[in-house]
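One line per chain: the protein sequences are A and B, in this order. Using full-length UniProt numbering, the letters of the first sequence correspond one by one to residues 1 to 256. Using full-length UniProt numbering, the letters of the second sequence correspond one by one to residues 1 to 418.
Worth flagging that the hints you see were computed from the coordinates, not collected in a lab. These numbers were taken from a predicted model, which means no experiment stands behind them. Just so you know, not all the hints are guaranteed correct.
[To be verified] Derived BS3-like pairs (lysine-lysine); straight-line CA-CA distance at most 27 Å:
(1) K234/A with K213/A
(2) K254/A with K177/A
(3) K190/B with K168/A
(4) K234/A with K222/A
(5) K130/B with K183/B
(6) K189/B with K222/A
(7) K366/B with K120/A
(8) K366/B with K249/A
(9) K129/B with K213/A
(10) K245/B with K64/A
(11) K125/A with K34/B
(12) K210/B with K17/B
(13) K175/A with K120/A
(14) K125/A with K254/A
(15) K214/B with K64/A
(16) K183/B with K214/B
(17) K125/A with K129/B
(18) K17/B with K254/A
(19) K206/B with K17/B
(20) K155/B with K245/B
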Amino acid sequence: MELYVFDGTFEGLLSAVFEMYQKKAGAVKLVSRAHFYPDAFQEVFEVISEDEKARRVWAGLSKKCGKEWMMHFYKAFLSEQGATFQDLLDFARYIFDQPEGAVENYGNPHVLAVSQMARKVHREKHRMEAFIRFQQTSDGIYYAHIEPDFNVLPLLIRHFRDRYADQKWIIYDLKRKYGLFYDLEKVEEITFEFSQEMSPALNALSQQLLDPKEELYTLLWKDYFRSVNIPSRKNMKLHIRHVPRRYWKYLSEKQA
Amino acid sequence: MYERIREKLGILADAAKYDVSCSSSGSNRKNENKGLGDATGMGICHSYTEDGRCVSLLKILLTNHCIYDCAFCVSRRSNDVKRAAFTVEEVVELTINFYRRNYIEGLFLSSGIFKNADYTMERLVRIVKKLRTEENFNGYIHLKTIPGASEELLKEAGLYADRMSINLEMPTENGLKLLAPEKSHEDVKKPLHFIQQNITQFSSEKALIKSTPKFVPAGQSTQMVIGATPESDQEILHTASAFYKDYSLKRVYYSGYVPISNDKRLPGIGSQVSMVRENRLYQADWLMRFYGFDVQEILDDANPHLDIEVDPKLGWALRNLEQFPVDVNTADYRMILRVPGIGVSSAKKIVQARKFGRLHRDQLVKIGISFNKAKHFIRFADSPFQLRDYESSHIRNIILSESKSKYLRTAHNQLSLF
Numbered sequence: 001m002e003l004y005v006f007d008g009t010f011e012g013l014l015s016a017v018f019e020m021y022q023k024k025a026g027a028v029k030l031v032s033r034a035h036f037y038p039d040a041f042q043e044v045f046e047v048i049s050e051d052e053k054a055r056r057v058w059a060g061l062s063k064k065c066g067k068e069w070m071m072h073f074y075k076a077f078l079s080e081q082g083a084t085f086q087d088l089l090d091f092a093r094y095i096f097d098q099p100e101g102a103v104e105n106y107g108n109p110h111v112l113a114v115s116q117m118a119r120k121v122h123r124e125k126h127r128m129e130a131f132i133r134f135q136q137t138s139d140g141i142y143y144a145h146i147e148p149d150f151n152v153l154p155l156l157i158r159h160f161r162d163r164y165a166d167q168k169w170i171i172y173d174l175k176r177k178y179g180l181f182y183d184l185e186k187v188e189e190i191t192f193e194f195s196q197e198m199s200p201a202l203n204a205l206s207q208q209l210l211d212p213k214e215e216l217y218t219l220l221w222k223d224y225f226r227s228v229n230i231p232s233r234k235n236m237k238l239h240i241r242h243v244p245r246r247y248w249k250y251l252s253e254k255q256a
Numbered sequence: 001m002y003e004r005i006r007e008k009l010g011i012l013a014d015a016a017k018y019d020v021s022c023s024s025s026g027s028n029r030k031n032e033n034k035g036l037g038d039a040t041g042m043g044i045c046h047s048y049t050e051d052g053r054c055v056s057l058l059k060i061l062l063t064n065h066c067i068y069d070c071a072f073c074v075s076r077r078s079n080d081v082k083r084a085a086f087t088v089e090e091v092v093e094l095t096i097n098f099y100r101r102n103y104i105e106g107l108f109l110s111s112g113i114f115k116n117a118d119y120t121m122e123r124l125v126r127i128v129k130k131l132r133t134e135e136n137f138n139g140y141i142h143l144k145t146i147p148g149a150s151e152e153l154l155k156e157a158g159l160y161a162d163r164m165s166i167n168l169e170m171p172t173e174n175g176l177k178l179l180a181p182e183k184s185h186e187d188v189k190k191p192l193h194f195i196q197q198n199i200t201q202f203s204s205e206k207a208l209i210k211s212t213p214k215f216v217p218a219g220q221s222t223q224m225v226i227g228a229t230p231e232s233d234q235e236i237l238h239t240a241s242a243f244y245k246d247y248s249l250k251r252v253y254y255s256g257y258v259p260i261s262n263d264k265r266l267p268g269i270g271s272q273v274s275m276v277r278e279n280r281l282y283q284a285d286w287l288m289r290f291y292g293f294d295v296q297e298i299l300d301d302a303n304p305h306l307d308i309e310v311d312p313k314l315g316w317a318l319r320n321l322e323q324f325p326v327d328v329n330t331a332d333y334r335m336i337l338r339v340p341g342i343g344v345s346s347a348k349k350i351v352q353a354r355k356f357g358r359l360h361r362d363q364l365v366k367i368g369i370s371f372n373k374a375k376h377f378i379r380f381a382d383s384p385f386q387l388r389d390y391e392s393s394h395i396r397n398i399i400l401s402e403s404k405s406k407y408l409r410t411a412h413n414q415l416s417l418f
């Protein structure tokens, strides 16, 4: 078993696939540097991320699977899970070694693993589309921050750009310390240092940063949420299944 | 100012909450000219109430003043409740501002009837027209049709709404006559038919002339109140099936009656909402829409009620054991879909995966079928040798005893009564 260590980037992962084929490697264990603990007795191959190699692997995969599967591959990567990196490498090898159409083989463990992880990431993307709550700041930007389990920001760009084309917005990932900013023209990646007055609690921009009407709409939304409930049908188990507790801090309607 | 709008929202959201439709999917309204909103693709539930229902749209009444006196309705004329009415501007502003903050997918607008049908409908149309033409809003709009409104107003509404609906209220004409003597199913059929005709006409014109505007792109739906009147599940589902067929409805909703008055014709305040029954009806409805079942297969004169203990698909399989076991490696898709414990996406995966070799138990488990249920009805590559055929009551007991169903406790309690 050979041990490959890569830098955790998407290019890095694809480069690892390239190297594995070029070196005609046998079984390969793939680990990202963040998950890697050196072991004095094990020889390690350091994968260097190279755009050209990554591009060639990506193009090769595209020939073998359709658009939908390329998207599954990318989504599964965004899970940032060590086991999934391995699944992706094994998946790529399986796809390259089989005739076209092998992606349909859900009986294969790598195909299934990639498709299932892609689904999990997709589900969280969908949850972010639902649970993000913008607050309008005094300079007219709609701001929200989140802490998703997976790195789903790249998957959110299109949805929010298509939907909020006429307002400036920022979605910031506190966990990964970067965000998206839409300036009415394009979406850009941004990073910034949080100042002291910016509470780390979600949906808690300080009053002086907000538009004066923001308070009213938060209040109306909370009122609305309360009014539409039918107490005689109360079912907290179902409620929590749909809105897991870890997301409550995003949701203005769940705050006292 | 703050307080007045809060009070209105409280009253008019509260009065609208018994309408169960919350869907915001199935439209195709793209954001054009850098406007606000997009209603393509899947709908999104932005929150869930504490009773577990989806909050997707700002669901409100324009007013809860009403000239009718339907016994099952909170807004009925004779009910002593606070009354309120939004202005056109207030509804537009609430919708836009909730949408901009990502609270909602759009607007669900219904209304009590003040003065007459056209007077009310005309105001609803003004709101949706303003949203579309002045605010450049492309979010989802579900508009309730006011029974008796003129065809011109219906047609204009259809140019701005994504979905239109009109409630049947009670599953049968008799039930409705009992509780709402001023209404009839005929009043519902006429506008449903008119909108359906227009949908067909606009879409055939659209095929020829690209610039033809959209007309109710997400189709029509309706709702029935369940458990207020004594109809059987068979009557309910037959009504639903007929409306699906005759008016190409996208959805029929079933709303378990929540007692809101002490009217002698209705279940009293405090009686239990039949959530299990409601759930079984939705499962049966699902079988008709996605699993290719005919309503006759689900319920017949010998079985006029859905089984509370087992879901309708399992119920059907137990009554039709001669059609099983189904060999997942050879059976056609339609039959695999009929196996209890196999859903649409698993059935599709099975049909794709078996091209690469016969499927074994562990693969079926991983694909995600509900194996413990399905195993009684399928054969696969490594099926265990089976000596004798089980009877349906036996299979039913095994499945019930293994099930962790949320209904099991009640089911057992009921059994001990016999």
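A quick look at each hint next to the structure:
1. The suggested pairing of K234/A with K213/A is violated, with an alpha-carbon distance near 32 Å, which exceeds 27 Å.
2. Of the supplied pair hints, the one linking K254/A and K177/A holds, its CA atoms being roughly 25 Å apart against a limit of 27 Å.
3. Only pairs whose Cα atoms come within 27 Å are accepted, and K190/B paired with K168/A is rejected, the gap being roughly 45 Å.
4. For the proposed pair K234/A and K222/A, the alpha carbon gap of about 18 Å is at most 27 Å, so the pair holds.
5. Among the hinted pairs, K130/B with K183/B is inconsistent with the structure: their alpha-carbon atoms are about 31 Å apart, more than 27 Å.
6. Of the supplied pair hints, the one linking K189/B and K222/A is violated, its CA atoms being roughly 38 Å apart against a limit of 27 Å.
7. A distance of roughly 15 Å separates the Cα atoms of K366/B and K120/A; the hinted pair therefore holds under the 27 Å criterion.
8. This hinted pair does not check out: K366/B and K249/A have alpha carbons roughly 34 Å apart, beyond 27 Å.
9. A threshold of 27 Å between alpha carbons decides the hint, and for K129/B with K213/A the separation of about 25 Å falls inside it, so the pair holds.
10. Of the pairs offered as hints, the one joining K245/B and K64/A is violated, with about 42 Å between alpha carbons and a cut-off of 27 Å exceeded.
11. Distance restraint check for K125/A and K34/B: the Cα-Cα separation of roughly 24 Å lies within the 27 Å cut-off, and the hinted pair is therefore satisfied.
12. With a CA separation close to 38 Å, the supplied pair K210/B and K17/B exceeds the 27 Å bound.
13. Between the alpha carbons of K175/A and K120/A the distance comes to roughly 18 Å, so the proposed pair stays at or under 27 Å and holds.
14. Distance check on the hinted pair: K125/A and K254/A sit about 20 Å apart at the alpha-carbon level, within 27 Å; holds.
15. For a cut-off of 27 Å, the pair hint linking K214/B to K64/A is broken: about 39 Å separates their Cα positions.
16. At roughly 31 Å between alpha-carbon atoms, K183/B and K214/B are farther apart than 27 Å, so this suggested pair is violated.
17. Proximity of K125/A to K129/B is assessed by CA-CA distance (about 33 Å); at most 27 Å being required, the pair is judged violated.
18. For the hint linking K17/B to K254/A, the alpha-carbon distance of about 19 Å falls within 27 Å, and the restraint holds.
19. Among the hinted pairs, K206/B with K17/B is inconsistent with the structure: their alpha-carbon atoms are about 36 Å apart, more than 27 Å.
20. As the CA atoms of K155/B and K245/B are separated by approximately 22 Å, the hinted pair is consistent with the 27 Å bound.
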